[in-house]
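*Asks:* If you read the protein sequences in the order shown, they are chains A and B. No gaps in the numbering here: position 80 of the first sequence is 80 in the numbering used here, and each next residue is one more. Remember, the numbering used here sits 236 above the position in the second sequence when you count from 1.
Keep in mind that a hint or two might mislead.
As the list claims (entries may be wrong) - A few chain B residues that face chain A, going by a derived Cβ cut-off under 8 Å, partial list only: (1) V269; (2) A375; (3) K391; (4) I477.
What the hints assert, rightly or not - Each computed BS3-like pair below joins lysine-lysine, with the alpha-carbon atoms no more than 25 Å apart: (5) A:K160 - B:K421; (6) A:K43 - B:K251; (7) A:K30 - B:K251; (8) A:K152 - A:K31.
If you are wondering where the hints come from, they were derived from the structure by calculation, not from laboratory data. We treat Cβ as the ideally placed atom computed from N, Cα and C, and that holds for glycine.
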Amino acid sequence: MKEIISSPLLTGMIVIGLIYIAAFSLIYLKKAYTHCLELGISKEKLKTVIKSSLFFSIVPSLSIVVGLFVLIPVLGTVWSWWRLSVIGSLSYETMISSSVASAIGFESSVQMLEQATARQFGVVMILMSVGMLSGFFVLIPLGKKLCMSVQKTENASTWKYVLSGVFMMCLFSVYVPVLLIGDTIQALVMVTGLIIAVVLGILSSRPGLKWLNDFIMAFSMIGGMVSSLLWVKLFS
Amino acid sequence: MGKNKDNGTMDSFQKWSHSWGRIGTVIALVYMVAIPFVVLSVFDAVPSFGEVFNVATFSILLIYIPVGISEAISYTPIMGSSAYLGFITGNIMNLKLPCAVNAIKLADTDQNTPEGDAVASVAIAVSSIMTVIILAIAALLSTRISFFFEIPQVKTASNYIIPALFGCMTLGLFSSTSSGDKVVKGGVKGVLPVIIIISLLALFVRITSGGSLFGMVGFLIIGSLPIGIITSRILWKKGIITVEDNPQVKKNE
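Here chain A stands alone, though its shape is the one from the complex:
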């Protein structure tokens, strides 16, 4: 297994894949940015969006790095790096890392990394690569239809406006009760994030603090996460 996870071939293929993903993102960025200008969105607003998105992405990306270090002992550096850079999601990849060893007959992930054969690691690689494709079987053929179903146009039925909001509302209607009722610490972290967002929202209306408005989500997310240390100490 070790010869595969540290092979130059795997590293090379993954670097090429990441260059492709970065290029894909850059093309999207250029196309979307130009189109925003065509639609009359000012350069200043776009600058704010880019600055805020960059800043906002730092902390979740660092959380993904934490996940990277959870996965490295199980899957090696290169494969973990790849999995968290594309398709994969921090929560599901880390969940899988804990079950993958037992699924192929090992008692622990450490034992898997030490003793798994190349074929056994192959099973893990293939499973992780094909498993998450299920979403694309929906997105690729139905993505356009799903977007059109909620697209708000000048002559659209008012139902489209309602439907457009239902997806987001459903997401919140599931997550919020699960977080608030299911786990005390999760509930407290969520409420802390909300309170910080409200306070920052009020502060940002004051002269001189308007810039805060661009970073409300980022700051309240960081505040919520940091507060978890206190809540864990108090309630665990």
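Got chain A sorted already, so can you dock chain B onto it with the hints?
*Replies:* Just chain B now, with coordinates in the frame of chain A:
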């Protein structure tokens, strides 16, 4: 605004995104699936079909498949044509979707409009590049920086990113409903049955096992969407949920 709008259909960027985004996604997927097969072939270690797909490995697929389907159905209408890029770079709920929501709000645009899609695409592209760079640096310096990311406090805080995000996004949800030309009044009534059902389920699980439904969210969303859509449709037809001109936009005009 609205220079390139194609009334009743999609604008030029959305059309581009749905065609080239789809092609780019297919290329990426083929490449992703090819990687293990190419590498394993070189090492003469391609496992048999039975080794990959059996009862033991089914547990892994059971995590992946429903989550993937649920994410595609529930997130695509929210992300619009930027969904292709979001899905290919992953980490949607903990990064891309909140980033898009934040950008749409900052640019004073509305979800599911040409402007909203273009702004969301800018945000998701920027975020994706940022994540690729940070992860590349982390992977390259993994032996030197691992100590920091293994500090218990850092690990603990990282576990709570989703609740922290939902705290601030809940506020954003209310303000985002008032952007755009129209505003939906009473939209939350359409998802009340979902809130009640999920709350009762969460309470039941908490009382009986002390656990949480957090790991089941993917399944719950997929089950909740039809309930939310049907209830909203009924209430919209009865005039309980209404769509009105946004007074804020009128005032600005």
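*Asks:* Decide, hint by hint, whether the structure agrees.
*Replies:* Quick rundown of the hints versus the structure:
no. : hint            : verdict
1   : V269            : holds, 5 Å
2   : A375            : holds, 4 Å
3   : K391            : holds, 6 Å
4   : I477            : holds, 6 Å
5   : A:K160 - B:K421 : holds, 13 Å
6   : A:K43 - B:K251  : holds, 23 Å
7   : A:K30 - B:K251  : holds, 15 Å
8   : A:K152 - A:K31  : holds, 21 Å
Checked against the numbered hints listed earlier, the structure breaks none of them; every hint is satisfied.
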